[in-house]
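S.K.: Here the protein sequences come in this chain order: A and B.
To convert, note that position 5 of the first sequence is 5 in the working numbering; the numbers rise steadily by one, no gaps.
To get the working numbering, take the position in the second sequence, counting from 1, and add 73.
Simulated from the structure, these hints should not be mistaken for laboratory data.
For every residue, glycine included, the Cβ atom is placed at its ideal position computed from N, Cα and C.
It is possible that part of the hints are untrue.
Derived BS3-like pairs (lysine-lysine); straight-line CA-CA distance at most 27 Å [to be verified]:
| # | chain 1 | residue 1 | chain 2 | residue 2 |
| --- | --- | --- | --- | --- |
| 1 | A | Lys-64 | B | Lys-491 |
| 2 | A | Lys-13 | B | Lys-259 |
| 3 | B | Lys-259 | A | Lys-35 |
| 4 | B | Lys-286 | A | Lys-7 |
| 5 | A | Lys-42 | B | Lys-276 |
| 6 | B | Lys-254 | A | Lys-35 |
| 7 | B | Lys-147 | A | Lys-25 |
| 8 | B | Lys-276 | A | Lys-8 |
| 9 | B | Lys-276 | A | Lys-9 |
| 10 | A | Lys-13 | B | Lys-276 |
| 11 | B | Lys-491 | A | Lys-35 |
| 12 | B | Lys-491 | A | Lys-25 |
| 13 | B | Lys-646 | B | Lys-423 |
| 14 | B | Lys-119 | B | Lys-519 |
| 15 | B | Lys-397 | B | Lys-423 |
| 16 | A | Lys-25 | B | Lys-423 |
| 17 | A | Lys-25 | B | Lys-254 |
| 18 | B | Lys-272 | A | Lys-13 |
| 19 | B | Lys-147 | B | Lys-259 |
| 20 | B | Lys-291 | A | Lys-64 |
| 21 | A | Lys-17 | A | Lys-42 |
| 22 | B | Lys-488 | B | Lys-397 |
Covered by chain A, according to a simulated footprint, are these stretches of chain B (three or more residues, beta-carbon under 8 Å) [stated by the list, open to error]:
| # | stretch |
| --- | --- |
| 23 | 128-135 |
| 24 | 159-172 |
| 25 | 279-290 |
| 26 | 389-400 |
| 27 | 493-499 |
Chain by chain, the residues:
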Amino acid sequence: MLLSDFKKKNELKIIQKIDCDGIRKQRLSNLGFCKGVDIQIKAFAPLGDPMIVTVGGSDCVIRKSDARFVVID
Amino acid sequence: MTIALLGNPNSGKTTLFNQLTKLSQKVGNWAGVTVQKKEGVYHLDKDIKIVDLPGVYSLNPISNDEIITNNYLKTEKPDCIINIIDSSNLERSLTLTIQTLQSTNIPIVLALNMSDELDGHGITLNLDKLSSMIAPSILISAKNKKNIHSLMQLVNETVQKSNSEDTHNCLYKDSLQQKWKNIVIKDYISANIDNFCTKTNSKIRRITDIIDKIILNKWLAFPIFASIIFCMYIVSIQLVGGLLTDTLTTFVEDTIGENFRTWLNELGASIWVSSLFVDGIIAGVGAVLLFLPQIVVLFIFITALEGCGYMARVAVIMDRLFNKIGLSGKSFIPMLIGCGCSVPAIMSAKTVDDEFERRTTVMLVPFIPCSAKLPVFALMAGVFFPHNLFVAPSMYFLGIGIVIAAGYIIKLFNKNRKIDAFVFDLPYYRVPILNNMIIESLSKIKDFALKAAVIIVPMTIVLWFLQSFDWNFAMVDNVENSMLAVIGKSISWLFTPLGFGDWRVAIAIITGFLAKETSIATFGVLFGEVGLESALQGIFLPHAAYAFMAFILLSAPCIAAIAATKKELGNTKWWIVTMLFQTIVGYLVALAIFQICNLWVEHTQITISILAILFIIAIFAISLKLYLSGSKGSGCAGCNGCSSGKKSCDK
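Okay, chain B solo, but in the shape it has when bound (with noise of 0.2 Å):
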């Protein structure tokens, strides 16, 4: 048997559905499109599966969320649809349920959710009434895990009731849609509501009137804010980030890395076994899940305030800069969370509702220095600036400079994008629950996991054989003579211009992939701990330096980003194009610092730097322009997000 859930944005489908499933679920992309498709099944009966519809407030076929529920509910015709009611918004929820009946004629069960608000806002249903006239109806709270399994008798009940019918009178059907068919939803709605349901005065929506004035108060807004991100950072980067992180790393390296090459080399096996599995594996995977506990945790935090209904004022708070640069303001978070690490960031894109602005959001969060970047900044700028405490800190603008910068361009660019109304609903503030909130970050976290690993555990292996082999594939004790060293002396001239065309920084950027951080590991290596100041110094000029720094920063982010980025993107297209951006304009950053520092410092140089400053503009707007024709093309695919503006899109 299968159920599909159905009902408006926010009205506690995915409460619901987890609740249903318990974790069985498995996500992925509904053919062609980048919305989310959740399937799980029942984890009393696992033979009903369960089927999470986009949340949509009508079936007319206009944004991509409705094409898909229309085709869902007229091709596959599920055995039952669940639709998820926000009690305490009974007359609008109803367009949906009555456009349903008047489209399908497969049987419908109305799960009234959040029923535990009902008291709060002075609410009174009427069960039978709804159930006579429109369906089955059940009061139930997704989050309070109340009358949950009485949902699902009902279902069941309806199933087979219809089923019944189906062999006693085949027209029953028929005639149900047929006296649907001829009702003005509106009108029926505002002759009906009160018998559905009577209202008096809602004590939430008095509390929540005052909260929202302290909340996006003109001069308070913006601290309370700042302090409430600053606590989040605290707790999460800080106290479990450090202590954790670092904890881990000692205990995956030392304890379990060593013991196992012990324990390896006992049995017998060879060395590169289990240099394969230590220093490849282990240590390649550690050095991504180790990042895991504070992605935990900030998620958990997200998850708290979107629960409790802060994150729509944010999105509020920060519309009007960001639409500046053509985002909105559900941009601003994934950007917030892009400072601790891009992955989460990367992932929490999935609030932005437009797809265009979904996509620029996912690009330029990884300009954000992520806590990865950090310990690379430490180390070159206390060698090269020991004495200038605004090197370090200079990245974090230069990050969102670049972030304003490439948003600014892509929206001119992107002129004539046909941009929907920004109009959302503003939840009221509710309580969130604990429990909801650790199994919503899990599910999130594990998806997140499976996938990576798919990408990462190769990567590294890559990487490792690179590392400690030559091309005889014998094992190299030192990287100098591996093909990894190789492959760096190759391609150290392309970094020549930017001013770092040593074969060990090269090695020290592919390694970087790793993780940002790896690049410094991978210099302790090459260089000896010892004298590594005075090698870089002997390597890299100071605005060379900062130009590493910059490249580092912006150029394409660590494997775990980039999976997650084509997880978000669902399209390999569009994460090459994306992953080519990055590095393009990394690149083209570190040649302006570069070349343009170069002018103050060599005289000589200036005809080259002058011709490379040249080149950096028209490769810039090359590629920007290849970019943005392509943006248009996929625009019109799926008839969303239209930037061509050509009349024939207009359908």
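One chain only, chain A, in its complex shape (with noise of 0.2 Å):
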């Protein structure tokens, strides 16, 4: 399931895998997207895009058009 599709707040997944490469895959490490660690989604922005995922314990904000390369159980 991609994080995109998943609407369901306060429930925990684990990352599966970071589905892209170079400096997207980059960013998205750097703040601790990466296979096998823990993420929730906190909450949407008003307009419903973007969101806020809880991952590894640190707050993120992450676009819909970015968690669709993340890749979730």
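Both chains are given apart, each in its own frame, so use the hints to dock them into the complex.
M.R.: Okay, structure coming up:
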């Protein structure tokens, strides 16, 4: 399942794969988006995009267009 | 001795840098790129130079920031690296630390910052383990000035120790680097993190979660946001700006200016000397510097909102809307400040990470009507449309409309631009410290004032000279006989298609570059304050007056904003492109307004109008094309914000 399709808040998931490469992958992994890390959706912005996720214990903002590269279980 | 500050973004690097250097900092750009370079000396020992490296998460040379950091460490070889670490996020920060240990043999000291928040996060750190296994470590709190001096002592000891080891055993450092070379960073951290810190429940996190529930709530987010902005405006623009600026204006012009003139005359200076100082330099620089109080207050507000973590939430709230015109939520803050004054607005574009977005933001911000343009709108609307309340506010809609249109078109033409992932760290809420906020704002202002002076003083002198002398270099009593008038007459034809081809209007536009409200003062001088209204009505048709307002709104901004633009773009070519872009947009929009209204008003000129409109469209398309082909070239040079989509750029 892709993170961008997941709608439930506060449900713990584990990242299976980061499905991209280059700068985007580096940017994501800088902020802790790596295989095997815990992730949960904390909130959505008032207009629905971007969303705030808690990844590996810290909060990050991610657009849905980037969240579709994050594969969760 | 040179010390480099290395750390993740938001780890408190800038605060530590400000504490160590106490405003001795010099700000410039790293060679070839617009990334800011900050240097200073340690305030207790002037022999220690401190360099603030860009905030990075890794040394993999991917973006400009990382390339700069990497090159600096490899080629400049600082004597010591202070690695600033956000104590609440040790796990993530150590990646950079170990990567640095792997790639250099420069001694490193770990400064575990935000130690004041450790209790709140329920974290206990094992400093002995960190020191013995990784590098000498110390707990500091940059914002509370705790342990800063001890940190520098530790740096000194480490450097001395490393130097003595150097003479005894040259191979020691290499073997140390070798030890780290064979380590897989991720595995090493996850295997050892429990040795370094233990975590229990975080109180700060719980509070942050609660505040976020309110601030980012679907229904409350926008009302809360609007009220915060409203307060910011009332205080900085209305209270401080309105009261202080008016008082200061009278003080500078009447008290200082006139007394200085009397004093100079008593000394026996010739009229032109006193006029140069009083009418030229004092009046010109004064007009710009008088905006400083409100800029300072605005900046303190912005630094406070940034420091407490609210600005990051604003970027979240506004991102969706700005994404539509190819920008991100982070571009919203400059636009907002632009309603007050373009200068701090352009300066605050720094917070936009992406180079393309930052440049576009700087280009678009002056289209938002700033407070100095309001007197122009008020006068023109009052004279020509006294019963229409919507004319002056319509300028706001026009400005916002042009921002959206231009942003959208720039986005359309840059379809192939690779958008880097828009992900960023959402900080915890913190209570900002007033003292730090003031120092931070002042360092930004000081930087601006110095740079601006280099542009403003020569420009005001040139304008004064043109205004006060004729071609025989004899001083004139009346502007009508001056060089400026001749220049006005020679360029006024340019404005004929816009409906205001009078030479006096051309002069008002030129003097408007000093500060937009100066245009009004110029009208006052040229027409006399008494008959101003009827004189203006004799020159402008009502729709020409509206076109004039649009031109003042959109064409290149005042000198101070032009100076800020140059500083923020850091590149002369882009600066000129931006000025031309703004002036061309202003010209074309004014042309369109006047000519389209002419279709209704004067039926005889239909052919001319249609030709003019076609001309507008052609110019607009050509200039955009030129602008965009320029942006592709420059995007490739740094391999950042690449817009051409060429494979060769994807290194």
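S.K.: Each hint: holds or not?
M.R.: Here is how each hint holds up against the structure:
Straight-line distance between C-alpha atoms of Lys-64 of chain A and Lys-491 of chain B comes to about 16 Å, which keeps the hinted pair within the 27 Å bound. Restraint check: the Cα-Cα separation between Lys-13 of chain A and Lys-259 of chain B comes to about 20 Å, which is no more than 27 Å; the hinted pair holds. Only pairs whose Cα atoms come within 27 Å are accepted, and Lys-259 of chain B paired with Lys-35 of chain A is accepted, the gap being roughly 11 Å. A distance of roughly 17 Å separates the Cα atoms of Lys-286 of chain B and Lys-7 of chain A; the hinted pair therefore holds under the 27 Å criterion.
A distance of roughly 17 Å separates the Cα atoms of Lys-42 of chain A and Lys-276 of chain B; the hinted pair therefore holds under the 27 Å criterion. Proximity of Lys-254 of chain B to Lys-35 of chain A is assessed by CA-CA distance (about 23 Å); at most 27 Å being required, the pair is judged to hold. Distance hint between Lys-147 of chain B and Lys-25 of chain A is fulfilled; the C-alpha atoms sit about 25 Å from each other, no more than 27 Å. Distance restraint check for Lys-276 of chain B and Lys-8 of chain A: the Cα-Cα separation of roughly 24 Å lies within the 27 Å cut-off, and the hinted pair is therefore satisfied.
Simply put, Lys-276 of chain B and Lys-9 of chain A have alpha-carbon atoms about 21 Å apart, close enough for the 27 Å limit, and the pair holds. A hinted pair counts as satisfied when its Cα atoms are at most 27 Å apart, and Lys-13 of chain A with Lys-276 of chain B qualifies at roughly 23 Å. At roughly 24 Å between alpha-carbon atoms, Lys-491 of chain B and Lys-35 of chain A fall within 27 Å of each other, so this suggested pair holds. For the hint linking Lys-491 of chain B to Lys-25 of chain A, the alpha-carbon distance of about 14 Å falls within 27 Å, and the restraint holds.
Among the hinted pairs, Lys-646 of chain B with Lys-423 of chain B is consistent with the structure: their alpha-carbon atoms are about 19 Å apart, no more than 27 Å. Using a Cα cut-off of 27 Å, the hinted pair Lys-119 of chain B and Lys-519 of chain B holds, with the two alpha carbons roughly 21 Å apart. At most 27 Å may separate the alpha-carbon atoms for a hinted pair to count; Lys-397 of chain B and Lys-423 of chain B meet this at roughly 21 Å. The hinted pair formed by Lys-25 of chain A and Lys-423 of chain B meets the criterion: a straight-line CA distance of about 24 Å does not exceed 27 Å.
Proposed proximity of Lys-25 of chain A and Lys-254 of chain B is supported: the alpha carbons are some 23 Å apart, at most 27 Å. A hinted pair counts as satisfied when its Cα atoms are at most 27 Å apart, and Lys-272 of chain B with Lys-13 of chain A qualifies at roughly 21 Å. Distance check on the hinted pair: Lys-147 of chain B and Lys-259 of chain B sit about 23 Å apart at the alpha-carbon level, within 27 Å; holds. Of the pairs offered as hints, the one joining Lys-291 of chain B and Lys-64 of chain A holds, with about 17 Å between alpha carbons and a cut-off of 27 Å not exceeded.
A hinted pair counts as satisfied when its Cα atoms are at most 27 Å apart, and Lys-17 of chain A with Lys-42 of chain A qualifies at roughly 20 Å. With a C-alpha separation of about 12 Å, the suggested pair Lys-488 of chain B and Lys-397 of chain B falls inside the 27 Å cut-off, and the hint holds. Beta-carbon proximity to chain A at under 8 Å applies to 4 residues in the stretch 128-135 of chain B; the threshold of 3 is reached and the given coverage holds. Counting residues of the stretch 159-172 of chain B whose C-beta lies closer than 8 Å to any C-beta of chain A gives 3; at least three are required, and the coverage claim holds.
Closer than 8 Å: that is the beta-carbon criterion, and the stretch 279-290 of chain B has 6 residues meeting it against chain A, so the requirement of 3 holds. For the stretch 389-400 of chain B, the stated coverage by chain A is satisfied: 6 residues place a CB nearer than 8 Å to a CB of that chain, which reaches the threshold of 3. Given as covered by chain A, the stretch 493-499 of chain B passes the check, having 7 residues with a CB less than 8 Å from a CB of that chain where 3 are the minimum.
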